[in-house]
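Asker: If you read the sequences in order, they're chains A and B.
Each residue of the first sequence is one higher than the last, beginning at 1 in the working numbering.
Each residue of the second sequence is one higher than the last, beginning at 1 in the working numbering.
Read the hints as simulated data drawn from the structure, not as lab findings.
Honestly, I wouldn't trust all of these hints.
Pair by pair, the computed Cβ-Cβ distance ranges are [stated by the list, open to error]:
#, chain 1, residue 1, chain 2, residue 2, range
1, B, A180, A, G220, 43 to 51 Å
2, B, E317, A, V68, 49 to 57 Å
3, A, V242, B, R235, 31 to 39 Å
4, A, Q238, B, S396, 19 to 27 Å
5, A, V21, B, R187, 48 to 56 Å
6, B, R235, A, V153, 38 to 46 Å
Ideal Cβ placement from N, Cα and C applies to all residues, glycine included.
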Amino acid sequence: MSRPLDPRLLREARGARTAVVAAVVLGLVTTGLVLVQAGLLARVLARALLDRDAGLAELGPELAALAVVMAARAAVSWAQALVQARCAADVRSTLRRRLVRHAQALGPSWLAGERGGELTALVTRGLDALDPWFGRYLPQLVLAVLVPIAVLVRMATVDPLSALVVGLTIPLIPVFMVLVGLHTQQRTERSYDRMAALSGHFLDSMRGLPTLRVHGRAAGHAGSVRRAGEALRRSTMQTLRVAFLSALVLELLATLSVALVAVQVGLRLVHGDLPYESALLVLLLAPEAYLPLRRVGAEHHASQDGAAAAERVFAVLETPLPAAGAAPVTGGGTTTLEGVTVRLPGRDAPVLDDVHLELRRGERVALVGPSGAGKSVLLDVLLRFRVPQQGRLLLGGDDLGATDPRAWRARVAWLPQSPHLLAGTVADNVRLGLPAAPPAAVASALAAVGLPGTEDVQLAEDGAGLSAGQRRRLALARALLRVEVLGASLLLLDEPTESLDAASAAVVRAALADLPRTVTVVAATHDAGLAGAADRIVRVDAGRLVEDGVRAAAVPA
Amino acid sequence: MTRLRRDPLWRVLALAAPVRSRLLLAALLAVVTVGCAVALAGVSGWLLATAAGQPPVRSLAVAVVGVRAFGLARGVSRYVERLAGHDAALRVLSGTRSDVWTALEPLVPAGLPGSGRGDLLERLVGDVDALQDLYLRALAPPVVSAAIGVLAVGFSVWLLPFAGLALALGLVVAGTAVPAAVVLVDRRAARHRAPARSRLTAATVEALAGAADLEAHGAADAALERVLSADEQLRSTGRSAARAAGLAEGLQVLAGGLVVLAVLLAGVPAVAAGTVDGVTLAVLVLVAWACQEVTAPLPDAARALVSARAAAVRLLELLDAPAPVPDPLAPRPLPEGPLGVVVRELVVRYPGAARPALDGVDLDLPPGRRVALVGPSGSGKSTLVDVLLRFREPTSGSVLLGGVDVRTCAQDDVRRVVSGCLQGAHVFATTLHDNLLLARPAAGAVEVEAAARAAGLAEWARSLPQGWQTPAGEAGALLSGGQAQRLSLARALLADPPVLLLDEPTAGLDRELADAVMADVLRATRGHTVLLVTHRLAGLDEFDEVVVLDAGRVVQRGPARELRAVPGLFRELHQAEQAADALLSLPWPQRPSARTAEPQGRR
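Use the sequences and the hints to build the structure in full.
Answerer: Printed below as a string of structure tokens:
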């Protein structure tokens, strides 16, 4: 995989075509100015050497022209830097949007299997690594073809023999570049792997720092952080040894070629076969002919992190999305799981095994069963976070498979087992997804879960500092608001009373009991009180519904 | 001088002390590299100009060798220099990472300087990486410019004083004024860039870590918008940075050109006047030409210096944050043998809180005694656990361990004795086995098995295809809540500290399993010293004492049986729980419903 041009990246470059073309044009203008400048410089030096009478007055026009060319070069380099930044910025923003959107579309169940730290690093820093690829490498690739030709043509006008020598040695550079490049690519990819792993390792370690401290392992972990860094250093140095070696080879190759030219130019100069001005021009121009190719080599290495990051980006973007339709969800009535089987990678037994379940409108259903039995996965299927390998989800007898999952979720309210809270006020958190919800509704949802008057309390990122019970009640208020304001007709609760003390749990149970009969409630719970209040208790064991009991006393009339 | 020493950049540079000689070597090699380039230009200029006079070829032999030697030496020296520089930078980095980690350790969980998780990641990865530029790009170029600049100017002055002065002036402008201008333009962008990056990372972490909640609530698009607006902010700081970069490159090219022009303006009349010959002029001009390479990296170096300083300020904020629980200078050793805990008049008040989180709490936990701590959420149970683990300093009152005030002991010593299972304990993204062994790396298979069995984990682990080698996923994502809970319980049991703290060890388990696990825990900890924090009141009969906390005060204490007999908070909570249990244990008709029996021949 040592492609100098990843076609997928090239496709992305279309978004930045104007900027890339501008970068190439500016590069060519610079070359033109360099050619003129070298000509002027050679003339001035030659006349100063050969014509003793040539003073400032005689050389005035050349010196003035030189000053203009230098000012123009300065202006062009300034413009080049601006254009280079432009090239990458558009592509980066586009890819950032597509990555996050695709990750969202792949859904929470896909994200759960990813290392969040790595994906975050990819979306933020990883994409920044693309800058050199678009801003420098891509334009330089074009210039590497055009600039040597321009230089050779100019050189041929004064000394065809030198132009021939240079023209014959230039092709050696790309040959060596490919040979060395083949060797470095794989190593760079490995080094990127390690960098991403290091980032993930850090995040994991920091999250677990309290746990490490409790067990007296935090100090020992500093060593593991250092070892991870050392491992990265060793692998990076291995890569660099080869990458820099290639730069060395190219530099030596160019130096030797220039020396070859200089020696034959010098000899012809001594024998009077070549004028001094031409010899000087050839000497000044020869390095310029090799420079663009050597620079491609350097930019190629500088852009390798970007190319490796691009691999990851496309690996995510090319992960197929779960099957989903775009049709609106219509109708209502009974929600049915029909023959639903879900398998997770790495597990022999299915997590849900041919599950049939009917949820009638307004019904209260408790899902009970040992931890790990599949209750949360069942809720995931109802949320359409997970597409079952077999089976269907029906609403009022119609298959929901062809409908838009987001439209379906607009009818669903959910209390997850570990709710995620956002930085902001409590009210912002309760209003999640319903920014226009009336303040009175927010207040009453909070009151219902026993957190009245807390709307304006500020929360840190992910609600750091809140107790597990407070988090859960806050998230329940979120779900209740959805029922109240959006009229969600299906309320899914994953352990609504877990880590609540008896008194708070009673508040929550009362809030749930007050819900109107227009909403169907499914609660995965270990809470006997909650299950007892349900119309129906469904027991999940090892992925199967083993009992489906209806409490005679509690069946609604 | 002291001000310089206190400068963040200086303090961060001090972190590089262990690799000082490597950094020096890299700088020295950089001087050689650039020196070769300048000499190469001068010698080739002399070579051609002399050859134009058609001297005998022999007289050019030394210069021909010189051209080749400088050319080869430049390449080789650059190769070694780059390797040495990168090696030194990476060495400093891994050292700095672990320094930062070590600084972070005492701050968690109570003393972090106002930052979330995404921001911390940003700090560690981003700011430490920014320091890499300090070592790679900021340190060597000024040394190289100064050394080569002095040599080239000296050489030129010797040939033609006025040309030398022109070169000196040009180098000073290109080496100081240009970088200064760049820094000025860049400063604003640099000041906004890091916060913009933090915002982008925070928004991305939120969009990805909170994906499930956001998606379920139809707020995923809004989260994406937040990522994109953070991206837009970053882009605008990028645009300012690009303007600065453009300015730097433009001014650089201009300064280099003006130097060559100035040398020509000084040299041409000198040649006409016969002060110097045309050969010397060629050498002077080509040396001035090559000197552009000398100052070229300086604006970049200045930029790297500025952003490294901003990163250093933020890193030092973390490194300097006071530990919420300082260790004494001369910690007292803890006595040997079974140790008990005595808490007296303990008060903990959080800054800005209306009432103390703990308000005059007494607790006795003599060796072998098992005490349960119950109470509504927010009553102060977790605060008490934090104080006992030395994560929090008491506002007043005392905690004695084996008769020794814990404030006079090393925290690590205290946690070797008092340890256990935290609420929401972290499951690491490694195997189940490694997660368990974390508590006691030397534990043998038998001990692991016993701890796992006591936590109700053994059978499940055996049922997995990969057994104990099953990966737990990011933050235990591949485990259910109950499994994660049992894993951390097993970890605490395996650690087997003299005083075992268990904070809600059965949260997330169903009632039967919770009671079964608790029974196992009670059996496994018989004769041990245990403080159990729990919201479940059933099954506390075996405990020597139950302490009931409410709003930071102990409102009741005594054996569960006695507390149930008297009116009070314990009885109220217990009755509410019993009513709930009773509801579930009512029989219900067990009929396989028509729905579930119907299609596809279900059992």
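Asker: All hints, please: hold or fail.
Answerer: Structure-based check of all given hints:
1. For the pair A180(B) and G220(A), the supplied restraint of 43 to 51 Å holds, since their beta-carbon distance comes to about 47 Å.
2. One distance hint, 49 to 57 Å for the beta-carbon pair E317(B) and V68(A), holds here, with the actual separation near 51 Å.
3. Taking the beta carbon of each, V242(A) and R235(B) are about 34 Å apart, inside 31 to 39 Å as hinted.
4. With their beta carbons about 58 Å apart, Q238(A) and S396(B) fall outside the hinted range of 19 to 27 Å.
5. V21(A) and R187(B) have their C-beta atoms about 33 Å apart, which leaves the hinted 48 to 56 Å range violated.
6. The hinted window of 38 to 46 Å between R235(B) and V153(A) holds, with their beta carbons roughly 40 Å apart.
Figure legend: structure checked against the earlier numbered hints; hints not met, in rising order: 4 and 5.
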